[in-house]
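Sequence lines, in order, name chains Z and U. Under my numbering, the first sequence has 478 at position 478, and the numbering climbs by one with no breaks. Under my numbering, the second sequence has 212 at position 212, and the numbering climbs by one with no breaks.
Read the hints as simulated data drawn from the structure, not as lab findings.
One side of the interface only, derived from the structure: several residues of chain Z facing chain U at Cβ under 10 Å:
1) Ala-75
2) His-88
3) Val-104
4) Pro-106
5) Asp-263
Across the chosen pairs, the derived CB separations fall in these ranges:
6) Val-346(Z) - Lys-160(U): 33 to 41 Å
7) Leu-369(Z) - Glu-299(U): 25 to 33 Å
8) Gly-373(Z) - Arg-286(U): 42 to 50 Å
9) Lys-173(U) - Ala-210(Z): 21 to 29 Å
10) Lys-270(Z) - Ile-282(U): 28 to 36 Å
11) Thr-70(Z) - Lys-173(U): 21 to 29 Å
All of these numbers come straight from a predicted model, not from anything done at the bench. Beta carbons are placed, not taken as given, at the ideal position from N, Cα and C, and that holds for glycine.
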Amino acid sequence: MATPLLSLRGISKRYGEIRANQAVDLDVAPRSIHAILGENGAGKSTLMKLIYGVETPDGGEMLWEGAPLTLASPAAARRRGIGMVFQHFSLFETLTVIENIRLVVPGQARALVARILELGAEFGLEVDPHAHVHELSVGERQRVEIIRCLMTDPKLLILDEPTSVLPPQSVDKLFETLRRLRDGGISVLFISHKLEEIRAICDRATILRAGRVTGNVDPREHDAHDLARMMIGRDMPDPPPMKPAKPGETVLELIGLNYTPDDPFGMPLKDMALTLRSGEILGIAGISGNGQAELSELISGEIRLPFETREQVQMMGEPAGHLGPAERRKLGFAFVPEDRLGRGAVQGMSLARNSLLTAHPLGLIRRGLIAMGEASEFTRRCIADHDVRTSGPDAEAGGLSGGNLQKFIVGREMMLAPKLFFLAQPTWGVDIGAATAIRQKLVALRDQGVAILVISEEIDELFDICDRIQVLSHGRLSPSLETRQTRPEDIGRYMIGAGAAA
Amino acid sequence: MIAVEFILSGMLAAATPFLLAALGELVGERAGVLNLGVEGLMALGAAIAFIIVYHGGGHVLAFAGAGLAGALLALLFAFAALGLQANQVAAGLAIGILGQGLSALFGKTYESLTVKGLPKLSVPGLSDLPVVGGLFVQDPVVWLSLAATLAIWATFAFTKTGLLLRAVGENPKAAHSIGYPVIAIRVAAVAFGGLMAGFAGAYAATVYTPLWADGMIAGRGWIALALVVFGTWLTARIFWGACLFGAVSLAGLAAQAGGVELPSQLLASMPYLVTIVVLGIISSNRRLLKLNGVASLGEPFKP
Ligand SMILES: Nc1ncnc2c1ncn2[C@@H]1O[C@H](COP(=O)(O)OP(=O)(O)OP(=O)(O)O)[C@@H](O)[C@H]1O
Ligand SMILES: [Mg+2]
Numbered sequence: 001m002a003t004p005l006l007s008l009r010g011i012s013k014r015y016g017e018i019r020a021n022q023a024v025d026l027d028v029a030p031r032s033i034h035a036i037l038g039e040n041g042a043g044k045s046t047l048m049k050l051i052y053g054v055e056t057p058d059g060g061e062m063l064w065e066g067a068p069l070t071l072a073s074p075a076a077a078r079r080r081g082i083g084m085v086f087q088h089f090s091l092f093e094t095l096t097v098i099e100n101i102r103l104v105v106p107g108q109a110r111a112l113v114a115r116i117l118e119l120g121a122e123f124g125l126e127v128d129p130h131a132h133v134h135e136l137s138v139g140e141r142q143r144v145e146i147i148r149c150l151m152t153d154p155k156l157l158i159l160d161e162p163t164s165v166l167p168p169q170s171v172d173k174l175f176e177t178l179r180r181l182r183d184g185g186i187s188v189l190f191i192s193h194k195l196e197e198i199r200a201i202c203d204r205a206t207i208l209r210a211g212r213v214t215g216n217v218d219p220r221e222h223d224a225h226d227l228a229r230m231m232i233g234r235d236m237p238d239p240p241p242m243k244p245a246k247p248g249e250t251v252l253e254l255i256g257l258n259y260t261p262d263d264p265f266g267m268p269l270k271d272m273a274l275t276l277r278s279g280e281i282l283g284i285a286g287i288s289g290n291g292q293a294e295l296s297e298l299i300s301g302e303i304r305l306p307f308e309t310r311e312q313v314q315m316m317g318e319p320a321g322h323l324g325p326a327e328r329r330k331l332g333f334a335f336v337p338e339d340r341l342g343r344g345a346v347q348g349m350s351l352a353r354n355s356l357l358t359a360h361p362l363g364l365i366r367r368g369l370i371a372m373g374e375a376s377e378f379t380r381r382c383i384a385d386h387d388v389r390t391s392g393p394d395a396e397a398g399g400l401s402g403g404n405l406q407k408f409i410v411g412r413e414m415m416l417a418p419k420l421f422f423l424a425q426p427t428w429g430v431d432i433g434a435a436t437a438i439r440q441k442l443v444a445l446r447d448q449g450v451a452i453l454v455i456s457e458e459i460d461e462l463f464d465i466c467d468r469i470q471v472l473s474h475g476r477l478s479p480s481l482e483t484r485q486t487r488p489e490d491i492g493r494y495m496i497g498a499g500a501a502a
Numbered sequence: 001m002i003a004v005e006f007i008l009s010g011m012l013a014a015a016t017p018f019l020l021a022a023l024g025e026l027v028g029e030r031a032g033v034l035n036l037g038v039e040g041l042m043a044l045g046a047a048i049a050f051i052i053v054y055h056g057g058g059h060v061l062a063f064a065g066a067g068l069a070g071a072l073l074a075l076l077f078a079f080a081a082l083g084l085q086a087n088q089v090a091a092g093l094a095i096g097i098l099g100q101g102l103s104a105l106f107g108k109t110y111e112s113l114t115v116k117g118l119p120k121l122s123v124p125g126l127s128d129l130p131v132v133g134g135l136f137v138q139d140p141v142v143w144l145s146l147a148a149t150l151a152i153w154a155t156f157a158f159t160k161t162g163l164l165l166r167a168v169g170e171n172p173k174a175a176h177s178i179g180y181p182v183i184a185i186r187v188a189a190v191a192f193g194g195l196m197a198g199f200a201g202a203y204a205a206t207v208y209t210p211l212w213a214d215g216m217i218a219g220r221g222w223i224a225l226a227l228v229v230f231g232t233w234l235t236a237r238i239f240w241g242a243c244l245f246g247a248v249s250l251a252g253l254a255a256q257a258g259g260v261e262l263p264s265q266l267l268a269s270m271p272y273l274v275t276i277v278v279l280g281i282i283s284s285n286r287r288l289l290k291l292n293g294v295a296s297l298g299e300p301f302k303p
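Start from the sequences and build out the full structure, keeping to the hints where you can.
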């Protein structure tokens, strides 16, 4: 084998008690798409931050084209030819595409525009250089991030979970781009939880478990089942088949819901009708930006309807459109929002304090005072029951890996024993082991008679757990489709707005 | 007609103290730092400048001294709020009170003394026009403030420095992760704000009303802060807001002189009311607020 582009030898990094990376060895060959695989919290993002100079390793050495490499900052990494697209984007929303790029790439605006268009055409990364970033879809933002990296002429491009934010069509497009980049002489480090994706595009995979390397394979020679076993260290049982639903009384109803958002970039909702009964799971399919955000805020109570139109949202048989989130939760409603940092949890607070945010009615507050003992106990149970990998109730929410924080939030809401449970993108960035566990728990809740509403972009996920599916497209909801009698193609047709014709 | 002439000729000078302080605060807030100490920074600058002019140091030295004093006090704020991550609101208020205290201390022996202001420069040709001619007869600081307004507008509109300030204010984390020294940029922006507030105080005490009285800034720092917010962090709006404020204060004076029967307290409060109403209406546009607002304003950042 030729000299690797990048070699890591014995790289270690710890955060307090947590050993995020332990003696990691890694070789990235030139012209290779190299996967990093691992469960939530295995240390993938940490390793990438070390390679990009955001963090410095505690021990071990890095070699770049055979010569020792030390990086003081991301700017130093960029000078050596390393570029990175973060799991959480680092774009500035109020600036235009070209302004975002100028912050990283030197040069005249006009020359940069020409180069953006040229790279766009060459690698299938079309984007309007003068658009404001907040107007762009997630897929387009990702293209901007990738272009911004490419403009510094990198030899190595790091992509941290690039596909977990993309709708399926954009994933194919991204893969096409990555292949062209590889053929153009660039190596890619690629993180994903979707094993089929890794098998489709990567020629090498390094597997991490609890901060250590546990495997280094060619993913095309192993099936997804094998890879999953290497990741979690044991076999993945197939989920048991779902029992038929036994729907009870109506718990949530939208009756001709109309809503025009204040936000000029929002999507108006038109004439939405939906009925959800206890003991069933209803899925809302569709690509984000078609009214998902508005719908979820209207159901959670973050947006309230005026008193006159409160009947358009009915919860537990009462008009609820005018109620705020706290009042809806009192009716037996629980909610997992799609953005876990910010709406689901407070980054700078401990997990125990984050439990208090929604679980306070469960005896975590006594006579107006916080009962810290109970809060810790509640949190400990949540951590244990939902397999959250963290040091304990006192850990800061922001220090958890993305997937583990999601497991914590879902667990906290489940422990509220809701009658109506609403989740937006419940398994975004969650590894397959944990995603399967979350789905099984949802099905178990449904069998106990809970009504569950799930908004998701992942059609496979909806087909796995939903009794019925409705498609949200351009602010309109399709009629309800029985999952058993529906094929994914039917859903796809409704997504592009051609459903009725089929 | 005479009233209109009076307002037009005096408006820019009346606006200048607000404008200078607001422009400085704008730069700091754009970078994400809320400095509520503007009033105190202006008061300190005013005292220093007055003392220098009184002892014959001249206006150039006076403005330099006032700007330096303002910048130094602002750096003390930066040390607390950015270095030690203290709460920006509390630190700003404390620095403001400190500035006012220092101003009273230094100015104590100068109470009610006066100095000579600055001669006016006129634009040849334009200053002879009927009615609007007065607009073109202004003291040099007014002309320089107009130039500063243009320069700051151009900085935000066209330069990488401007981009960088906006980026740091919107998303300091992202700015850090692409490799910019967020704290250093914010410290520099805050120091610039202090410099401008010092100039504003110097103008108020040695040019606009060249007379020392304790508490002479009289809330102008707070109006400057309000102008920044209601002007939705846009240089041009802040400029027009300051002009409007100046014009309405002069209109009150003109009305009184013209014998209008209104309680003087009401007339004195008019500029505040009109400015807040007008800018309030403008800033109720949510789209503008979303595009121009500073997302991380007042939030501490730990790299
Ligand atoms: N800034 C930090 N402070 C404290 N602990 C941290 C910090 N960053 C990461 N960790 C811990 O290090 C471990 C590895 O985290 P990392 O983010 O690398 O995981 P990951 O493999 O990227 O997981 P995911 O798939 O969920 O994104 C986790 O246990 C996490 O809690
Ligand atoms: Mg990660």
